[in-house]
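Enquirer: Residue numbers (the working numbering), protein chains in the order written: chain U, 1 to 116; chain F, 117 to 257.
Watch out, some of these pointers could steer you wrong.
[As the list claims (entries may be wrong)] In silico DSS-like pairs for lysine-lysine, Cα to Cα no more than 27 angstroms straight-line: (1) Lys84/U x Lys160/F; (2) Lys160/F x Lys211/F; (3) Lys19/U x Lys84/U; (4) Lys54/U x Lys19/U; (5) Lys19/U x Lys211/F; (6) Lys21/U x Lys84/U.
Source of the hints: derived by calculation from the structure; they are not laboratory data.
As a plain string of letters, each chain reads:
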Amino acid sequence: MGCMMELGELEKAWPEFDKRKVRVIVASIEPREEAEATQAQFSHLTVVSDADRKLVEVFAALDPGHAPDGGDTAESTTILVDGKGTIRWVYRPDRASTRLTPSEVLAAADRVMPAE
Amino acid sequence: MTTLATTPSVVPRSRGRGYFWAGLGACLLGLAATVIQFSLHIMKTPWYSPVLATVGAILLVVAVARRRSIPRVIGLVLVAAFAGLQWYLFGVLLKLPDYNGPAVGQPVPAFAATLANGRTFRDNDLRDGSRQVLVLFRGRW
């Protein structure tokens, strides 16, 4: 529930991201069919299926056995990447019940990678 | 004929009752505030809820100490169990390990994943000149 709520808040805040020319990419280790359903629900976000876990592995974000069905999942992590592909900011909450608000993400983006 | 004039010892029914209701109220307040918080889409760990449940359990201990009754003992057990469950949930189960991936200032390492439309999504796609927010999320639940 928390994740879909987080994506919903990001979708709602999309005009603010768009105004800053910041793209919002959201990724989980779910298969592509799930990513398609997520994309249909949140049309302004770029939804990625990381079923092979390459992306979560490079960010050390695999959370084994903690999905509701006992399977693996990804640890909630927010990463800001500049136009050259350099990591500018990383946030991982200390609890799975905590997420950043879009305002917090936007404030971090404005701070660490201001528009040129 | 003698008549024994005995005065029955009367225990006031209200003895400690305020603590009982305050204890239940504190616990329910935390629960209600958590529901309201998440219904407002404020996604922060509601630490106040286990704190209030613990305060509620302490108040119920006082209520039971003042006058022991089955409802008070049941209330104490339930509220204490609820507080303990929440401390375990927030303190242990939901705790995430610290981030130990690539550091700030480093390039995004090589990876390949799939966009929802089936196209391949690689680290090079994060070098297209636009600023990006990459959110790793747990899943569709």
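Enquirer: Given the proposed pairing of Lys84/U with Lys160/F, does the C-alpha separation stay at or below 27 angstroms?
Expert: This hinted pair is violated, its Cα atoms lying about 32 angstroms apart.
Enquirer: Between Lys54/U and Lys19/U, does the CA-CA distance stay at or below 27 angstroms?
Expert: Cα-Cα ~31 angstroms, so violated.
Enquirer: Taking only the CA atoms, is the gap from Lys160/F to Lys211/F under or equal to 27 angstroms?
Expert: holds (13 angstroms)
Enquirer: Sort out whether Lys211/F lies within 27 angstroms of Lys19/U, counting only the CA atoms.
Expert: The given pair, whose Cα atoms are some 35 angstroms apart, is violated under the 27 angstroms limit.
Enquirer: Mind checking the alpha carbons of Lys19/U and Lys84/U for me, to see if they're no more than 27 angstroms apart?
Expert: With a Cα-Cα distance of about 20 angstroms, the restraint between Lys19/U and Lys84/U holds, given a limit of 27 angstroms.
Enquirer: Keeping to a limit of 27 angstroms between CA atoms, is the pair of Lys21/U and Lys84/U held or broken?
Expert: Holds, at about 15 angstroms.
In this structure, the earlier hints numbered 1, 4, 5 are contradicted, and the remaining ones agree with it.
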